[in-house]
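Engineer: One letter stands for each residue in the lines below.
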Amino acid sequence: MTQSPMDQSPTDQRPTGQSALIVDDSKAMRSILRRIVAGLGFETTEAGHGQEALDHLEAATAIGRVPDLCLIDWNMPVMDGYTLITEIRKRPEWRNVTLMMVTTESEQGQIVRALAAGAHEYVIKPFTPDAIAEKLELLGLVSKGVLA
Amino acid sequence: MTVTQTGPALADVQAITEQVWSSFLGDEEPLLQRFDAPSAFPAEQAWSAAVSVHGGWTGSITVELSVAVAQALTHLMLATDDEPIEDADIADAVGELVNMVGGNVKSLMPGPSALTLPVVAAGRAAHATDLTEVARFDAVWGGEPVRVSVHAPRA
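Taken in sequence, the protein lines are chains A and B.
With our numbering, the residue at position 139 of the first sequence is 139, and numbering never jumps.
If you want our numbering, it's the 1-based position in the second sequence plus 1000.
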């Protein structure tokens, strides 16, 4: 079995103390994103749709461990990613959570909608590990040395 | 990019498929275009998945893979080697593959439009009779067949 390009992360980082919630209805995509952001030093948790993500956020808030980052797919059952972003942005205690859409939806109008609703970044599938790392570097969530 | 009223050009479907393939599965084993594929998908044992687009353009995008390809891509996407995989894992991986291909095909077509969640089946694809094939990319990966086809309503 050959290795997927998704396992060729920019670098293996020591834990940063930051955490990421990965929200995607595909187990395979969650696995890919988990390997990328774990390689960048994040602890990870996962949710299969928007409502499950809200439940995770509520539970994390209750124990004082709100994630630093949410990676959010658009098209999911139960609650889609756009609705999830609007729900997260209604809650002041989650205002510091960085929201990154990771989706196949690439129409300009949808990108604008997501950013206007409160997403900080937008990544279109297919992506590379470097593309995720570059966005996180721009957002100040990973150190600039990662892509050197 | 070439787009007709009915669907995307074959070259665009091929480019999208190759981009998705190389991003997630790598180039070590290249995806090679096949020019002599029969009309029926050439694998007895197959997985298929489809997404539909509704809006500025209406159509469906289907991926068909031999079982060997479906299993291999599932192992790669989940980063498992010899561990057994379940049919649910294969369905999930094949569904994500068609989601990425379909989403990028959608972006070439007139919008705005909406993309459905993937529908996945163990077996060859069956297409609705009110749709006609407007583009089809046949390829082989490791000697096994791969097909991406685009269907749109009959004119």
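Keep in mind the hints are simulated off the structure, nothing from the lab.
Glycine residues also receive a C-beta, built at the ideal position from the N, C-alpha and C atoms.
Hints may contain errors.
Stated by the list, open to error - Using C-beta positions, here's what the derived DEER-type ranges look like:
(1) B:Ala1009 <-> A:Lys90: 27 to 33 Å
(2) A:Arg91 <-> B:Thr1129: 45 to 51 Å
(3) B:Asp1082 <-> A:Thr61: 38 to 44 Å
(4) A:Arg95 <-> B:Asp1087: 41 to 47 Å
(5) B:Arg1034 <-> A:Ile63: 27 to 33 Å
(6) B:Ala1121 <-> A:Thr61: 51 to 57 Å
(7) A:Gly17 <-> B:Ala1088: 33 to 39 Å
Engineer: Does each hint fit the structure? Answer for all of them.
Structural biologist: For each hint, the structure was consulted:
1. In this structure the supplied range 27 to 33 Å is violated for Ala1009 (chain B) paired with Lys90 (chain A), their Cβ-Cβ distance being about 43 Å.
2. Judged by the Cβ atoms, the range 45 to 51 Å given for Arg91 (chain A) and Thr1129 (chain B) holds: they are separated by roughly 48 Å.
3. For Asp1082 (chain B) paired with Thr61 (chain A), a C-beta distance near 40 Å keeps the hint of 38 to 44 Å intact.
4. A beta carbon spacing of about 42 Å between Arg95 (chain A) and Asp1087 (chain B) agrees with the range 41 to 47 Å that was offered as a hint.
5. For Arg1034 (chain B) and Ile63 (chain A), the Cβ-Cβ distance of about 54 Å falls outside the hinted range of 27 to 33 Å, so the restraint is violated.
6. For the hinted restraint 51 to 57 Å between Ala1121 (chain B) and Thr61 (chain A), the CB-CB distance of approximately 40 Å leaves it violated.
7. Between Gly17 (chain A) and Ala1088 (chain B), the C-beta spacing of about 34 Å keeps the proposed range 33 to 39 Å intact.
Hint violations for this structure: numbers 1, 5 and 6, all remaining hints satisfied.
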